[in-house]
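Using the hints, position chain P against chain B.
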Amino acid sequence: MKRQWIFSFVVSVMIASLVLAACVPATPAPPATEEVAQPTTEEQIVQPTEAPSVQPTAEPTAVPPAERKVATFAWTQEPDSLNTWYSDMWFADILQQIWSCWAWQYDDQNLPYPHLVTEIPSMENGGVSEDGLTITMHLRDDIVWSDGTPITSADFVFTYDMVMNEANAVSSQYPYDYLESVEAPDDRTIVMTFAEPFAPWESAFWQGLFPKHVLEPVFEADGTIDQADWNLAPTVGCGPFVFSDWESGSFMRFVKSDNYWLGQPNLDEIFFQFVPDDAAQTAALMAGDADLGTFPPLSDVPALEDAGLKIITQNGGYSEGWFFNFRDMASPAIKDLNVRRAIAMAIDREAIIQDLLLGLTKPAETFWDALAAYGYVPPDIVPWTYDPEEAKRVLEEAGWVDTDGDGIREDANGNKLTITHGTTIREIRQDIQAVAQQQLGEVGIDLQITSNDSDIFFGSYADGAPPAVGDLDIMEWSDSTYFPDPDTDYWLCSQIPSDENPYGYNYFGCDEQLDALFQQQLVTIDSAARTKIIQQITKYTHDQVYWYGLYVDADYWIVSEHLTGVKFSGVTPFYNIMEWDMQ
Amino acid sequence: MTKYIIRRLLQAIPLLFIISLVLFVLMRNTGDPLATMGGRRATRPEDRARLARQLGLDQPIYKQYIYWLIGNDWTKIDLNGDGIAETQGTRQGVLRGEFGFSLLSRGKPALDIIMERLPNTLLLMIPAEVIVLLVSLAVGVYSALRQYTWWDHFITAGSFIGYSMPIFFVALLSMYIFSVDFKRWGLPYLPTVGMFDPQIGKTPSQVALHMVLPIFSMTVITAAGYSRFVRSQMLEVISEDYIRTAHAKGLPYRMVITGHALKNAALPLVTIVGLDVPLLLGGAVVTESIFAWPGMGRLFIDHLSRSDTPVVMGILMIISVAVVLSQLLTDIIYGWLDPRIRYN
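Chains as they are written, first to last, in this note's numbering: chain B, 1 to 583; chain P, 1 to 344.
If you're looking for bench data, these hints aren't it; they were derived computationally from the structure.
Being a predicted model, the structure only gives us computed values, none of them experimental.
Don't take each hint at face value.
Stated by the list, open to error - Facing chain P, a subset of chain B residues (Cβ under 10 Å, in silico):
#, residue
1, GLU78
2, SER81
3, PHE91
4, GLU166
5, ALA167
6, GLN173
7, GLU269
8, VAL275
9, ASP277
10, THR282
11, ALA307
12, TYR318
13, SER460
14, TRP477
15, TYR503
No residue lacks a Cβ here, since even glycine has one placed at the ideal position from N, Cα and C.
So that you can see chain B by itself, here it is in the shape it has in the complex (with noise of 0.2 Å):
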């Protein structure tokens, strides 16, 4: 009699367990039944014929149970906030497509064009002064909120004072703070003022807006809108689909809108499964289990291709490629050029690409490769190429020489041919590292290795991160400008780490010449002349070996067959969500 209590106390915790946790969000359930799908015609599709709630916590959506077209994609990362001001998260920023809105988006040749806006401001449509210091956007007459409210320019407006505020503990305030003032003179027309001319305006501004009817009601009532459930839940939102539901650790949903004013996209709810397994993410995809999967380890690229997957990549900015220490506390080979370019030369990067990508990249010759279809890298730059018995010959003539015959090159005075190298602790750039130090232990250079976790890695100079003290001499990472623009303020000298400016990123050194070019770029307005300048900043880094580019960090995604309409932009990936279609 004891035992069957127990016994049914058991199976009865673990029946209520299951029943609890298939009820523990306070969100919609999805068409709850045990019917498989069947095969989704657009006829039969019914559509949601309410719009989303405004408030944090979202409604049942009414949606027919099994003829709904699901797009399920696997998410590697989960994202921090759907609020862009408030994640930095690649995989977060991304989703804006899906839900929010830019006022001008790119396609897949990476070009913009207007979404909110008329038309995207220039100095021949008179949206750009003369003196680059005022820009002004007319904005479409028919985009709304998801709520059926209008954009208006208050909302731009309203998301600048939101944006600059010191109550809100934003990611960014870049590029907000270049300005003087954001101005509404009617609800259709917005004027952004400057205080100097600042160049990557395009690329920058208006990537998100915030509901000003959803959030000023919150920053009156908090004085922050930091806990405003909108950021974790943006029942309102301006693009084809709305946000749904989102259960940490495991899903995020998003369906259809009714009042997208450019229509309504082909599928019906697009489910992001959050799967942080690389190994995992493959299998899922091969099992049919996942639609679409990103940055697939490339070791399993020809299984996913055997089964059926596409792989695509767009270029979405990003290099991997060394940067190079030349601050007084350098040792004294690595701030020698020669050094420098026989490094460059010592470096097989074409086996590096082939044996551990797969052959998948190709060789970035310049930070600003990603950006070449624009015109910003010039013609008359000479590649490196694997010449190991050049580099031997670049170091002799520097005075670097072998004279104790242990294998590694000394100076005059026997300072040994010794360079640190540090990168964080992703498995392919310590793939490379070995690589590396094996090349170049060839021609008589001893490279010392180390590697750190990112958050050590990038820490801070009080915090004595190596390459904000100037531990390492070469460091490794990818990384891009502020893509699309060409702009990056890396090597500002102002940016160097120091007691007194303990968050400074410019590890690799002062060059008064370089800070110049970019101080001048950044103020120059003119595209042709800027374009020029651009083209000098990335002859004179690539000459001078300040940056060693190893590949093309480009975005993967791993694509259904199932999928129709599947395009991908480097920098609004999903711009073309509309299109997208099941099979």
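For chain P alone, coordinates are given in the frame of chain B:
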């Protein structure tokens, strides 16, 4: 007994205080949460300085700990960086039940984040623990009662194989066999990741189906280890004099084994299960990551790797309290199971 329990609880207070201090100092030295903010590049210096100020990360570590412990609503802070502390603090501190706000999902209470995951973890871990106990008891006893038979050798070999396999290997292997390959072969197959199929919805049967592979992976390894423990305990007990006496008295074999031998052999298992209880709350990091199960283990790793002190400290303190309480509970149960033990 009541005095004993009260004494143990009072002793736990300074212990938890020391634990929290040590963990906090360690946490604040595991990395800079503002270094990349989860992005692909370093955070812009201007933003980093501002955020450090707004989130209180620019304060000395002792002050950060005090604010975490007792809040900062009794003092003013400098939000705008003008060097003047003019804004009243709003945090209440752990002692008043507020674990702070996540640095990653800014504005979301750390305790809310933890509590969202706890049911999922318990859902996975409790059935796994129950199955592990049942399987290990059954296998261990069976093996001990048939010592050196073919079955005993078979079970021993199987246990060692199971125990020596890393969890990620078992998890991925089972995923590829029962999900990917079974589907390719046209057999009934199990889902790979998540808690349910979005086309069907989060129904009890869907959740149960998605629990099969994670529980199988965890059970294989843990049950293998526990069964060896049960076997050795059982072998030790069945050679005791009182078991011989029980047999000599003419008690049925089944009653001797279950009523006398198993009860005593299982006693040390109570200690092990007691130690397991806090681990149940901590979740299974590898299993949850591979099967995309939204539990505490993943939460801990995700936030630890991003140096999210409030959330990580919340998890660690909950586990610390669970350790203290479970040990107390274990001692009480021990006294109940073994009448020779008295607590004064």
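Status of each hint after checking the structure:
1. Hint on B/GLU78 holds. Least Cβ distance to chain P is approximately 7 Å, under the 10 Å limit.
2. Given the 10 Å rule on beta carbons, the hint for B/SER81 holds: about 6 Å separates it from the nearest Cβ of chain P.
3. A hinted interface residue such as B/PHE91 counts as satisfied when its beta carbon comes closer than 10 Å to some beta carbon of chain P; here the least separation is about 8 Å, so the hint holds.
4. Given the 10 Å rule on beta carbons, the hint for B/GLU166 holds: about 4 Å separates it from the nearest Cβ of chain P.
5. At a threshold of 10 Å, the smallest CB-CB gap from B/ALA167 to chain P is about 7 Å, leaving the interface hint in force.
6. Restraint check, B/GLN173 versus chain P: the minimum CB separation of about 6 Å is within 10 Å; hint holds.
7. Among the interface hints, the one on B/GLU269 holds; its C-beta lies about 7 Å from the nearest C-beta in chain P, closer than the 10 Å criterion.
8. Residue-level restraint check for B/VAL275 holds (minimum Cβ-Cβ distance to chain P is 4 Å; threshold 10 Å).
9. Interface hint status for B/ASP277: upheld, as the beta-carbon distance to the closest one in chain P is roughly 5 Å, under 10 Å.
10. Satisfaction of the interface hint for B/THR282 is found here, the shortest Cβ-Cβ separation to chain P being roughly 9 Å, below the 10 Å cut-off.
11. The beta carbon of B/ALA307 comes within 8 Å of a beta carbon in chain P, closer than 10 Å, and the hint placing it at the interface holds.
12. At about 7 Å, the closest approach between the beta carbon of B/TYR318 and any beta carbon in chain P falls short of 10 Å, and the interface hint on this residue holds.
13. Evaluation of the B/SER460 hint against chain P yields a held restraint, the C-beta minimum of about 6 Å falling below 10 Å.
14. Given hint, B/TRP477 at the interface with chain P, holds; its Cβ is 8 Å from that chain's nearest Cβ, closer than 10 Å.
15. With a cut of 10 Å, the hint placing B/TYR503 at the interface with chain P holds, because the nearest CB-to-CB distance is about 4 Å.
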